Amino acid sequence: MKKALVVVLALLVAVGGGFGAWWFLRERALDAFAQAPFGSGETKTVEIPPGTAALKMGALLARGAIVSDADSFYRLARRRQVGNKLKAGEYEFAGPLTPLQVIDKIVKGEVKTYRFTVPEGLRWEDILDIVAKSDLKLDRAKLEQLVKSPAFLKKAGVPGDGIEGFLFPDTYVFPRGVDEEAVLTKMVARTVEEYRRANAHHKAGINLDLHQAITFASIVEKETGAAAERPHIACVFHNRMRLKMRLDTDPTVLYAMMLIRGKYVNNITAQDLKTPHPYNTYTMVGLPPGPIASPGTAALEAVLSPPDCKDLYFVSRNDGTSEFCPDLKCHNAAVEKWQRQYFRDKKKHHSR
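Start counting the sequence shown at 1; every next residue gets the next number (my numbering).
There's no promise every hint is true.
Claimed, not checked - In silico DSS-like links for lysine-lysine, alpha-carbon gap of 27 Å or less: (1) Lys155 / Lys137; (2) Lys108 / Lys85; (3) Lys155 / Lys44.
Don't read these hints as lab results, they were simulated from the structure.
All of these numbers come straight from a predicted model, not from anything done at the bench.
Required output: the full structure, derived from the provided sequences and hints.
As structure tokens, then:
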């Protein structure tokens, strides 16, 4: 009986020792797998759907040549206790990577992102075109449906009844899968953020709410291509408003005519200047009912903290800059020089 017990114990020790050796070698192999770089130098993209378990994720990564073995990836994820921390999304992997690096990237959720840039001074239709043509592959019709929805505008924090001016010019970065509402909400939030930042340091006596500031800044944005002139132009318009003068700014006429005709024409006639419309600042006093484009940070800062000046007029020098004047005598001379004599001389030169 004792002899049989000894044999059994010997067998158990042998089996245990064998299992221990197997477990040791298995863990050593997993250590080697975890730290061994794998994959080619080319960039590879793998889409991990929501709800993907670690075992299935390993299979996707092995199929994409990101890791060498799906089962080993699964066991490594279990050992590190990150199975429920692996995040879904589109991932981009470049160069040979160790499985530990791959796991770290997925745990952190470092998904592939796409970017688009919106320049200053565009109208909402043009901005939606940029967003829809980006690699995010968003639906143009859904974007337009949202910006025309009073419920969305209210939810996003847009004051007034239109999106114009509130899609902030910036470079935006989003992961694949973001929806149209999230993108537009972010753009409106950037507008509010920039207004609050600029308004926190507004000049004494300048009190413009969000809607007024964006409207005012949109006019300044469209009035000049010379960034350095924005503050001076803002000062001119503040002076005119203080004196109850009309703003007499051409970009608002172009916008008014677009609303009347249903299409944008970059040309102003004498009749256009006389056509009554809420957006035509040649026929009404004060700011128009809303923005005419999306202004950037510099234009917002200019209208909220303009410099001191005595000027009431400015005229284009036809090179992107303007000549400023404090009175009509100076302004009329500038108009004669830059708008009449300049084009007479140009016409004479071309006729030679």
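Evaluated hints:
| no. | hint | result |
| --- | --- | --- |
| 1 | Lys155 / Lys137 | holds, 24 Å |
| 2 | Lys108 / Lys85 | holds, 8 Å |
| 3 | Lys155 / Lys44 | violated, 39 Å |
Hint 3 alone, counting from the list given before, is not met by this structure.
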